[in-house]
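A.B. asks: Here are the chains, one letter per residue:
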Amino acid sequence: METLFYLIPISLFLGGLGVAAFFWALRTRQFDDPEGDRWRILKDDWDDHPKP
Amino acid sequence: MGAAMPRPSACPACAAAPSAEQLAEVSAPKEAHLFLSLPTIHCAGCMSAVERALAATPGVHGARVNLTLKRVAVEAAPDLTAADLIPVLERIGYEAHELDPGVIAATATDKAGRDILMRIAVSGFAMMNVMLLSVAVWSGAADATRDMFHWISAAIALPAIAFAGQPFFRNAVSVLKHGRLNMDVPISLAITLAAGMSLYETAQHGQHAYFDAALSLTFFLLAGRYLDHRTRAVARSAAEELAALEVPRALRRAADGTEETVPIAQIAVGDTVLVKPGARVPVDGLIAEGQSEIDRSLLTGETLPAYAGPGMALSAGEVNLTGPLAVTVTAAGQDSSLHRMADLVAIAESSKNRYTSLADRAARIYAPGVHLLSLVAFLGWLWVSGGDVRLALNIAVAVLIITCPCALGLAVPAVTTAASGRLFKRGMLIKDGTALERLAEVDTVVFDKTGTLTLGRPDPINIGDHPRRELEIALALASASDHPLARALAEGARAAGIHPAALTEVHEVPGHGVEGRLGDQTVRFGRAAWVGAVPGAVTAAWLRVGQGRPIAFEFADHLRPGAQQAVAELRARGLAVRLISGDAQGPVADLAARLGITDWTAEALPQDKAAAVQALSDGGARVLMVGDGLNDTAALAAAHVSISPATALDAARVASDIVLLGTDLAPLGAAVTTARKATRRIHENFAISAGYNLIAVPIALMGLATPLAAALAMSASSITVSLNALRLR
Numbered sequence: 075m076e077t078l079f080y081l082i083p084i085s086l087f088l089g090g091l092g093v094a095a096f097f098w099a100l101r102t103r104q105f106d107d108p109e110g111d112r113w114r115i116l117k118d119d120w121d122d123h124p125k126p
Numbered sequence: 042m043g044a045a046m047p048r049p050s051a052c053p054a055c056a057a058a059p060s061a062e063q064l065a066e067v068s069a070p071k072e073a074h075l076f077l078s079l080p081t082i083h084c085a086g087c088m089s090a091v092e093r094a095l096a097a098t099p100g101v102h103g104a105r106v107n108l109t110l111k112r113v114a115v116e117a118a119p120d121l122t123a124a125d126l127i128p129v130l131e132r133i134g135y136e137a138h139e140l141d142p143g144v145i146a147a148t149a150t151d152k153a154g155r156d157i158l159m160r161i162a163v164s165g166f167a168m169m170n171v172m173l174l175s176v177a178v179w180s181g182a183a184d185a186t187r188d189m190f191h192w193i194s195a196a197i198a199l200p201a202i203a204f205a206g207q208p209f210f211r212n213a214v215s216v217l218k219h220g221r222l223n224m225d226v227p228i229s230l231a232i233t234l235a236a237g238m239s240l241y242e243t244a245q246h247g248q249h250a251y252f253d254a255a256l257s258l259t260f261f262l263l264a265g266r267y268l269d270h271r272t273r274a275v276a277r278s279a280a281e282e283l284a285a286l287e288v289p290r291a292l293r294r295a296a297d298g299t300e301e302t303v304p305i306a307q308i309a310v311g312d313t314v315l316v317k318p319g320a321r322v323p324v325d326g327l328i329a330e331g332q333s334e335i336d337r338s339l340l341t342g343e344t345l346p347a348y349a350g351p352g353m354a355l356s357a358g359e360v361n362l363t364g365p366l367a368v369t370v371t372a373a374g375q376d377s378s379l380h381r382m383a384d385l386v387a388i389a390e391s392s393k394n395r396y397t398s399l400a401d402r403a404a405r406i407y408a409p410g411v412h413l414l415s416l417v418a419f420l421g422w423l424w425v426s427g428g429d430v431r432l433a434l435n436i437a438v439a440v441l442i443i444t445c446p447c448a449l450g451l452a453v454p455a456v457t458t459a460a461s462g463r464l465f466k467r468g469m470l471i472k473d474g475t476a477l478e479r480l481a482e483v484d485t486v487v488f489d490k491t492g493t494l495t496l497g498r499p500d501p502i503n504i505g506d507h508p509r510r511e512l513e514i515a516l517a518l519a520s521a522s523d524h525p526l527a528r529a530l531a532e533g534a535r536a537a538g539i540h541p542a543a544l545t546e547v548h549e550v551p552g553h554g555v556e557g558r559l560g561d562q563t564v565r566f567g568r569a570a571w572v573g574a575v576p577g578a579v580t581a582a583w584l585r586v587g588q589g590r591p592i593a594f595e596f597a598d599h600l601r602p603g604a605q606q607a608v609a610e611l612r613a614r615g616l617a618v619r620l621i622s623g624d625a626q627g628p629v630a631d632l633a634a635r636l637g638i639t640d641w642t643a644e645a646l647p648q649d650k651a652a653a654v655q656a657l658s659d660g661g662a663r664v665l666m667v668g669d670g671l672n673d674t675a676a677l678a679a680a681h682v683s684i685s686p687a688t689a690l691d692a693a694r695v696a697s698d699i700v701l702l703g704t705d706l707a708p709l710g711a712a713v714t715t716a717r718k719a720t721r722r723i724h725e726n727f728a729i730s731a732g733y734n735l736i737a738v739p740i741a742l743m744g745l746a747t748p749l750a751a752a753l754a755m756s757a758s759s760i761t762v763s764l765n766a767l768r769l770r
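Keeping their order, the protein sequence lines are chains A and B.
Numbered according to my numbering, the first sequence spans residues 75 to 126.
Numbered according to my numbering, the second sequence spans residues 42 to 770.
Please note: incorrect hints may appear among the correct ones.
Okay, the calculated beta carbon distance ranges per label pair [unchecked claim]:
#1 563/B - 119/A: 32 to 42 Å
#2 88/A - 302/B: 56 to 66 Å
#3 745/B - 76/A: 44 to 54 Å
#4 660/B - 118/A: 38 to 48 Å
Simulated pairs of lysine to any residue, SDA-like, Cα-Cα distance not exceeding 20 Å [as the list claims (entries may be wrong)]:
#5 152/B - 94/A
#6 125/A - 98/B
#7 152/B - 271/B
#8 125/A - 105/B
#9 466/B - 703/B
#10 125/A - 320/B
Hints are computed from structural coordinates only; laboratory data are not their basis.
Idealized CB from N, CA, C, for every residue including glycine.
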């Protein structure tokens, strides 16, 4: 029973981390072009060397 | 941040506007931000090709394609304009249009959408945690443990609901202030009552708490709201892109003779505006200098260019063809024909409001019904239990939660999102939420001719009838002009393997044609009256060699790609197809015959078109109007639903519900099918949610509903409805 006293806060904290990460992604506009991003991963433009 | 947000559904653009202004202030003036609309891009290859081509262009610092919105943002040196970049993209095979960065900036940041997403995230997070705790209660936690779980749930749920439910609360309050009811009222009531009741029960060591139900209600409804917003946001931003297609600028000649490009808003009556050949007349005015020919097809539907000389009146929207003109402005801004367009658009928009969407009709029956039902449950149980307010209230809340239109809130947006996404991929933009429902009901299609079924671009049709010698002379003369008929003839003749004859002293006579010398003979190619011929019914340019008999080169309008297919497919779907054009009898009859349309009208004035559409509607027909010109605007507004191509005038595009982004007309048939399917799915979804209520309501009324039952009913119906919407293929 006592385990609940720290497991519940831990689970809430971990979930909260997820929500915070989502907020961050949203604020940095990572959901502005879902269609394009889905294709961008397949591009081979900078496969052999990093973008200068 | 939530408190500062206006209602997301009412005016998302207002929310975005201030940030756009800030954006404009921050951006450094030394770099130009250009936006181009790319209606034909669709894949990773296109993105790479476009970005690579733009990056290789001198002066471009960076380019990034947004595939979702089908546009590219370019950062470039300040002297670079969109006109420099469009040919670059056209060379690699992509259609591109310039967009007005001022308008785009307002939609670039979708603040309202992000706001809803944040609320979804919060309510989803809270829902899952409370649900976990609830599982413990459902599986038999009792006494102190149950109370503790309920208290933890309350601690998570109450702040989450207070934050996430705000869009509903705000809408409900504003609607109630006006003494009306909408879907948000039962939603807000159910959420607040469920939360309040659960808090009270928790304090009283009660058995049932509905925190999870209140949260999942919020979560699912927000999801529906977001889908709805998303559809409209994509449509709105693209519609604004289109509004920005014609960047409104004019070339003004100042008193000292210098020329400058200024926005139309700065033009005043009495100014002199220069209109170059090939440019659109930006204002109403009188020709002060110059001779030319004027293409009025967008305004009247006439394909035959008209002569224009000093003293003649021009209207905004006409296209200057051959010679440069100086125009004295007689009306600008609010007084010009642009204002007439705005009037027509206002009429269009007010008439569109008559249609009540399926969702509204459902809500109108549903919202009072739900309230009545829970009131009945409350009073009934109060009477049965002999005055046990707590029991009666508990049951009334359970009824409210179970009947709450979770599935109903998802029923329409889930389907319209799927359908408009599908149509957007095919190059059709749904501007109005109810357009799909209306398109599904259509039984008659009325087409405009010039610019809609045709491209407004002439094709020579009788090249083969003329002797080679004449063709060589005509080609030599036609090559010297930029007039559309001359260009079309030159193209056609070259394709037929003709080589130009050797002429001397070839020069263009603006407004009339081209003249040259062949040996000692004067040769002329141009308007009938100028070469001394009698004009016929068909669009034609005339050639006269010396004093010989003038011969006619006839032209027909170039058919829009997919026109034939679109007409055939619409017919195959059981729709009557009509053609109403402002053009002359000859060309209209010819086109009708080419497309197999038997029901056609020519020489229709703009009011005739609107009257014809109105007459059809009065006769019980549901009319789909497809048109592009100013003369179509009234008809577009009068029709049940309307479509215009992206090349149409602003007014026509604003008046229509659906815009075709590409040049191809072929998707029309498929659009009708998709609309019909979508409406069927919406009806199915209503049936599904009604079915759930039919089972769940009696259980709730009998007082047998537990929080577990409520959670199950709600999730199951929402998921079924969403899955049904996804079946739309």
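A.B. asks: Is residue 152/B within 20 Å of residue 271/B, Cα to Cα?
C.D. replies: holds, 12 Å
A.B. asks: Range hint 44 to 54 Å: satisfied by the CB atoms of residue 745/B and residue 76/A?
C.D. replies: Check failed, 36 Å falls outside 44 to 54 Å.
A.B. asks: State, for the Cβ atoms of residue 88/A and residue 302/B, whether the hinted interval 56 to 66 Å holds or is violated.
C.D. replies: About 59 Å separates the Cβ atoms of residue 88/A and residue 302/B, which means 56 to 66 Å holds.
A.B. asks: Sort out whether residue 98/B lies within 20 Å of residue 125/A, counting only the CA atoms.
C.D. replies: holds, 18 Å
A.B. asks: Could you tell me whether the CB distance from residue 660/B to residue 118/A stays inside 38 to 48 Å?
C.D. replies: violated, 59 Å
A.B. asks: Does residue 320/B sit within 20 Å of residue 125/A, going by the straight-line distance between their CA atoms?
C.D. replies: Roughly 42 Å between the alpha carbons, so the hint for residue 125/A and residue 320/B is violated.
A.B. asks: Below or equal to 20 Å on CA atoms is what counts here, so check residue 466/B against residue 703/B.
C.D. replies: Within the cut-off at roughly 11 Å; holds.
A.B. asks: Holds or violated: are the alpha carbons of residue 152/B and residue 94/A at most 20 Å from each other?
C.D. replies: holds, 18 Å
A.B. asks: Is the distance from the Cβ of residue 563/B to the Cβ of residue 119/A consistent with 32 to 42 Å?
C.D. replies: violated, 60 Å
A.B. asks: Straight-line Cα separation of residue 125/A and residue 105/B no greater than 20 Å?
C.D. replies: Holds - the C-alpha atoms of residue 105/B and residue 125/A are around 14 Å apart, at most 20 Å.
The structure does not agree with the numbered hints 1, 3, 4, 10 stated previously, though it agrees with the rest.
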